[in-house]
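*Asks:* Each chain, written out:
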Amino acid sequence: MISFQHLYKTYSGNVQALRNIDLEIEQGEFVFLTGPSGAGKTTLFKMISAFDKPTSGQIEVVGYNLNQITPHRIPYFRRKIGVIFQDFKLLPEKTVFENVALPLEVRFEKKTSIAKKVTEILDQVGLRNKADQFPEMLSGGEQQRTAIARALIHQPGVLVADEPTGNLDPDLSEEIMDLLERVCAQGTTVFVATHDHDLVRRRRKRTIHIQDGNLVSDTGRPL
Amino acid sequence: MKTKQFQLQFATWLVVSSGFLVIQTAFLVMFHLEKVLTVWGQEMQMNIYLSEDAEGPALEIIKSKITENKKVSLVQYYSKEDTLNVFKKQIKSYAPDIPNDPELLKAVQANFQISLLPQLGAEEILTQLQSLAQEISPLKGVADVSYGQDWVKTFSTLFQILKNSFLFLSAVLLLAVFFVISNVIRSSIYQRRREIEVLELVGATPNFIRKPFLIESLTLSLSAFAFSTGIAFIFLRMVKTYLNSSSYFAQSAQLVQFFSLSQIALFALVAATMGMLSALLTLRKVNTGFAAAQGSQQAGPA
Chain A
1 MISFQHLYKT YSGNVQALRN IDLEIEQGEF VFLTGPSGAG KTTLFKMISA FDKPTSGQIE
61 VVGYNLNQIT PHRIPYFRRK IGVIFQDFKL LPEKTVFENV ALPLEVRFEK KTSIAKKVTE
121 ILDQVGLRNK ADQFPEMLSG GEQQRTAIAR ALIHQPGVLV ADEPTGNLDP DLSEEIMDLL
181 ERVCAQGTTV FVATHDHDLV RRRRKRTIHI QDGNLVSDTG RPL
Chain B
1 MKTKQFQLQF ATWLVVSSGF LVIQTAFLVM FHLEKVLTVW GQEMQMNIYL SEDAEGPALE
61 IIKSKITENK KVSLVQYYSK EDTLNVFKKQ IKSYAPDIPN DPELLKAVQA NFQISLLPQL
121 GAEEILTQLQ SLAQEISPLK GVADVSYGQD WVKTFSTLFQ ILKNSFLFLS AVLLLAVFFV
181 ISNVIRSSIY QRRREIEVLE LVGATPNFIR KPFLIESLTL SLSAFAFSTG IAFIFLRMVK
241 TYLNSSSYFA QSAQLVQFFS LSQIALFALV AATMGMLSAL LTLRKVNTGF AAAQGSQQAG
301 PA
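Sequences listed follow chains A and B, in order. Per the numbering used here, the first sequence starts with residue 1, numbered consecutively. Per the numbering used here, the second sequence starts with residue 1, numbered consecutively.
Derived by calculation from the structure, the hints in this document are not laboratory data. Among these hints, one or two may not hold up.
To be verified - Facing chain A, according to a computed beta carbon distance under 7 Å, are these residues of chain B, among others: (1) 74; (2) 195; (3) 201; (4) 202; (5) 203; (6) 204; (7) 205; (8) 208.
Unchecked claim - From the structure, some residues in chain A lie toward chain B, with a derived Cβ separation under 10 Å: (9) 71; (10) 72; (11) 75; (12) 76; (13) 78.
Glycine included, C-beta positions come from ideal geometry on N, C-alpha and C.
Isolated chain A, as found in the complex (with noise of 0.2 Å):
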């Protein structure tokens, strides 16, 4: 589902964000990245999600080849997978239910699909009480699982998530991280970073931790 293989990302000024990373993540797995700030996990996932490419080495993520996509390509690449990020990057001049429905309108659903996709996935993360109202008028918690259900909505094979709990309190980030189990148990794979060890150690699934752009260890596989 997504394979990195002797990645290499290599800034200017010679600074090395990511060396020689070797990863395989299955259908369906949970896999936490950790590390600290300027470890490399967003350049990880800004190249996952097509936002950057490597310097040398092979990507590949739900069957896209990432090294030769070419740009005409990667809108249709990125309706395969869903990104959820630290500030939820909502748009604050559309409601709950406008936002989830955006990755539908860009395929120029129908508006009936639309709406019932809407409220099935409002549902789910418990938001559907909420879909007339505006980011700015929600929790914190509640404008992630806004976030969560415009990543889902597409059914997308793979969950990139960037620190999602990151501005949340410990008990919405559980309430968070609950949701995002529930999304891997139904086959969706969820590669979710994350800063907060506490929450890493309590799920007890594989974590891959990497350290100035070196994967140091991979609980999930022997390196």
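Since the structure of chain A is already known, use the hints to place chain B on it.
*Replies:* Frame of chain A; chain B shown alone:
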């Protein structure tokens, strides 16, 4: 932020409207100068003055040379006597003694008066008269050829200078309008960068992202064009009303006309194309991914 964007859009709309208005006024002035030139051209005649020895075969050769030109519509021959009679009639009321002067017959010359087909444009008539004059002048029996070439040439040169100046001015203004629209679209992109980023994130194609900006640019350029066309129309009606009310210019008022529908459609097409082009060039960044571009600005690959 929204109020600021609206103010910028309104100011841009005013600037674009003013630009279009100046361009349309320049074209209207040009069209009307050309009309005046055409009317003058249609009234233009050539006089071929004959020398004393223009008789018999020489006269026939001159006449056949004139008539074989397909663009000549009317040829009239005036003998010395005919010319004198016409002159006498014209001068009688001003100077009653001159028609009786015996020396007058020596001063007048027999001549041909030639008119060209009126449907030829002014510039074409002038060109034809010039080439006909070159053909006729060397013939035996031709003393002089005159068609008021000096003032026509002066007017034509002046018209050309004005036409080129107006075209240059229009090109400069169109370029300015292009950059003004481009600027407002750039500002709009900046204001909506977060929305663009999210749209890219959820798999929107560049076309999907570009669409609202193209519509915005098209609306701006076409509404500005419609407004400026309306103002130009009202302005022209006022000029026409003024000319109609003046006894001296009343006839000229007939010449005053607004653009035809096809000309308006052509201008609208130019305005729309320019608006679209301006937006498309500004939106090039979105083609390669706005969020990706932002990412590479923060830390470009080595």
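*Asks:* Indicate, hint by hint, whether the structure satisfies it.
*Replies:* Status of the hints after comparison with the structure:
no.	hint	verdict
1	74	68 Å, violated
2	195	6 Å, holds
3	201	6 Å, holds
4	202	4 Å, holds
5	203	4 Å, holds
6	204	4 Å, holds
7	205	5 Å, holds
8	208	5 Å, holds
9	71	6 Å, holds
10	72	8 Å, holds
11	75	5 Å, holds
12	76	7 Å, holds
13	78	4 Å, holds
Of the numbered hints listed earlier, the single one contradicted by the structure is hint 1.
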